[in-house]
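Engineer: In order, the protein sequences belong to chains A and B. Positions 1 to 496 (the working numbering) are the ones given, in order, by the first sequence. Positions 1 to 496 (the working numbering) are the ones given, in order, by the second sequence.
Hints in this document: simulated from the structure, not taken from any laboratory. Careful, some of the hints might be misleading.
One copy or any two copies: either way a pair holds, since identical chains are not told apart in the list.
Think about it this way: if two alpha-carbon atoms lie no more than 25 Å apart in a straight line, the pair counts; the simulated DMTMM-like pairs of lysine to aspartate or glutamate are [claimed, not checked]:
# : residue 1 : residue 2
1 : K40       : D160
2 : K156      : E182
3 : K156      : D46
4 : K156      : E269
5 : K128      : D74
6 : K40       : D216
7 : K27       : E418
2 protein chains.
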Amino acid sequence: MDIDSTAQDKARLFAGAWGRVKALPGKLKAKVTSTAKSIKKLGQDDPRRLTHSLKVGLALTLVSLLYYARPIYDGFGVSGMWAVLTVVVVFEFTVGGTLSKSLNRGFATFLAGALGLGADYFASLFGKNGEPIVLGILVFLLAAVATFSRFFPRIKARYDYGVLIFILTFSLVAVSGYRVNELVVLAHQRLSTIIMGGATCMLISIFVCPVWAGEDLHKAIASNLEKLATYLEGFGGVYFQSSEIDGMGTGKSFPQGYKSILNSKSSEESLANFARWEPGHGRFRLRHPWKHYLKIGALARQCAYQIEAINGCIGSDHIHGSEEFKGKIEGSCTRMSAECGKTLKAIAKSMKTMTDPYSSANTHVENSKAAMKDLKFALKAASLENADLAAILPAATVGSILVEIVKCVEKISEAVHELSQLAHFEKETVEPTVSPEKPPQLLHRGIIQPVLDGDSTANDNVVITIHEIISTDSPENGKACDQHQVPKPGQKIEAL
Amino acid sequence: MDIDSTAQDKARLFAGAWGRVKALPGKLKAKVTSTAKSIKKLGQDDPRRLTHSLKVGLALTLVSLLYYARPIYDGFGVSGMWAVLTVVVVFEFTVGGTLSKSLNRGFATFLAGALGLGADYFASLFGKNGEPIVLGILVFLLAAVATFSRFFPRIKARYDYGVLIFILTFSLVAVSGYRVNELVVLAHQRLSTIIMGGATCMLISIFVCPVWAGEDLHKAIASNLEKLATYLEGFGGVYFQSSEIDGMGTGKSFPQGYKSILNSKSSEESLANFARWEPGHGRFRLRHPWKHYLKIGALARQCAYQIEAINGCIGSDHIHGSEEFKGKIEGSCTRMSAECGKTLKAIAKSMKTMTDPYSSANTHVENSKAAMKDLKFALKAASLENADLAAILPAATVGSILVEIVKCVEKISEAVHELSQLAHFEKETVEPTVSPEKPPQLLHRGIIQPVLDGDSTANDNVVITIHEIISTDSPENGKACDQHQVPKPGQKIEAL
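Could you build the full structure based on these sequences and the hints that come with them?
Structural biologist: The structure is reproduced here in structure tokens:
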């Protein structure tokens, strides 16, 4: 009986193990399927990744011709290896990245090679015994100094790879000189193969389906503005409606695309860095103001921080606000955020078509500012005698942050306008005046009531106030349009 | 006369030019002085930079012994070059960085070398004419596939360098095989010199003044929390006082250190990535929960976003708020931000000493929550009959965002408590009860008046409310202390 049960146990164990083994192919299949899916997704998200991979393969295959073809091999010998090495190390996703690395590598090799030969000659003056000691000291000093220089932010940003290759080549040449006799021939072979590898990379990356860092940066900034716009356009409707339906806005139905902007700084900076190495391409000239994009990017991030704060207010649980008060500010808040969204949409669109956004965006900027003033009136007019301040606070906070967003969007609009002037975007043919488009917006000002409370100064009636809005804003914008000077582009970014 | 004036002109020009030439050494001197100053500052900011530079020099000099010493040179020949190359490319600032690159390089070289030999053998089966074609196809395919795999975020983060070296070595071995005869000897020499170079780097980076990425991450997170604390501790005083003095807070006297936190994500991620390669060191064990630091970092960033929103509110021009209202919320707001600051200070301190922050921080968390409730009462009690909502809005917004900050700080406190349990921080001997420290805070509750308005439910008198605070919060915190399960550390960060 005991034995029998052991046998049964064994049988059960075996069956279990067998089941797992049978299940293994299924699991493996699932694993393979999921990997295949993620590969497919990676390619579909950005088909240029596939092209890039094929380009690297092509460059490597071309360069290995140095080995296969006897006449070329006889010219270069084993130094052909350096061409292969260069291609693998230098070929980057963007044209700017490839150019930056190729040129850094080329110049650093040349400079360090020459210096290495010099060091070698200098060391040989000290005789066979002194030579290794002098060489060792030179290599130590140069490596230490060059490594330290890599900590300088400016060198780090543009010449980091160059300094690395400088140390590498100097050490190799200086040290090899102690053993290799025909050092100059070797250095020459090495340099020319590196140039060949670098040139292959540069040509392929420029002429075969090029990926321009500058264009990527341009598109990334425009798409970031669009993400902000999508949030802001949807915000008013979703926030005020959802709270009417279920009593609290959970913030879950908002598009969360803007979150990627919060951490966009480093990728934007590296793209701008690469873009400066690129030649003119498409509608971008050689000295396109790439730095200015960083300024716009910083402003977009500023705006995203504000949105993050709003988002936090919505998601939190103290949202049970007074519906009456919400209703009072709903109109102006919704319009503020919608107009901000429209401004950003217009700017993003004009960036994509590379036209001056001034005329298309300015109307919306004016509208959002008008809505901001409406909010102030609505807040003044709101009767608070039997309202609970704690209850109306969340909605009031949202309004207050929206005011900041309006200002931020205005700054973005100005910055893109500056960019359009620096980069010579096409001018639109539409007149940059504000008047004819205004009436429809005026019709929407539903909540302005002629409040005649004496304590708030200088608000006699509504009509005068609206005139005031138009008259005070126009000259300022005229100024912005006509004589706008760029106030040191990098400043804002450095402060961030 | 004409000639004379020309001569005078010439003399003047010459004098001008001479002046500039005389000024040149002065300018050069100024330039040199400023460069020297910036070098000195770079070294003083982080003296480890200097040490690192010397370490790189040392490693290179050691490795070049392969060339100088005849017995070693005879063993390796020109392959010694690969040791030099490895040192230059692999030596990173942190131990984790160096280990990650060395190990990646070593394993990738081994794997790719073996594969390359295999490919070479396979290609040789196709005869002298077919060999280069087959080799070319293999190199193309492998380079394309490996390059594509570098786009996978997980491979990119940890094995990017390894894949690069894999492509490099495979191409070199496969292609060289066509010309070089003793390929196995060559591959062996190459691998052993790379291992020697890598080992030199690893040993020097671990044993000579090591810079641990994990320790840096730990310190960076603690210092970020401290920066937030400095802002919050100072906030109440400066905001409410400056507005009393000059009628508007300009936001300029605030410490702006927190701004660096806004863009800290990428550096934290790379440090965490390197930290995972490091062996146990000091008080950090091998499997220290580095990923959890990213969670705390994300929460700190969240808090910094909120502070950025507050900072925007202060700096803007619509600050002419009602002083009366400001006075009413001053007490609770100042206390909220000060207690948040104290919480973060306590957490940062306990992180530095690696003790559980629970008992020291929890008192302040409780105090800040109590102040939050006070704010609600103050808001309810504030008489708004003759107040202008637009005027009180800025201050109210600041209060509202402070409420969010209190919540965020509580989350940070919980996250660090989790970390302290995961990483086995020392327990403090202080009892984690709240009662004895409470009275002083209670004394400060100046603005709580026994308001007896019927519409707000369940607030009969103040004493009951305070009991309620203590009793409702205690079990929740008890739970957090006793049976806290870590809810998927990476989750929050991925959402960001």
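Engineer: With reference to the structure, classify each hint as holding or not holding.
Structural biologist: Do the hints match the structure? See the list:
1. Taking the shortest alpha-carbon separations for K40 and D160, only the inter-copy value of 20 Å comes in at or below 25 Å, while the best intra-copy value is 34 Å.
2. For the identical chains of this complex, K156 and E182 are neighbours neither inside a copy (35 Å) nor across copies (41 Å), given an alpha-carbon limit of 25 Å.
3. Taking the closest pair of Cα atoms, K156 and D46 come within 25 Å of each other only across two copies (16 Å); inside a single copy the shortest separation is 29 Å, beyond that limit.
4. When the C-alpha separation of K156 and E269 is checked against a cutoff of 25 Å, the pair qualifies both within a copy, at 13 Å, and between copies, at 19 Å.
5. When the C-alpha separation of K128 and D74 is checked against a cutoff of 25 Å, the pair qualifies only between copies, where the shortest distance is 18 Å, while the shortest distance within a copy is 33 Å.
6. Taking the shortest Cα distances, K40 and D216 sit within 25 Å of each other inside one copy (22 Å), while across copies they are farther apart (38 Å).
7. In this assembly of identical chains, the alpha carbons of K27 and E418 never lie at most 25 Å apart, being 57 Å within a copy and 34 Å across copies at closest.
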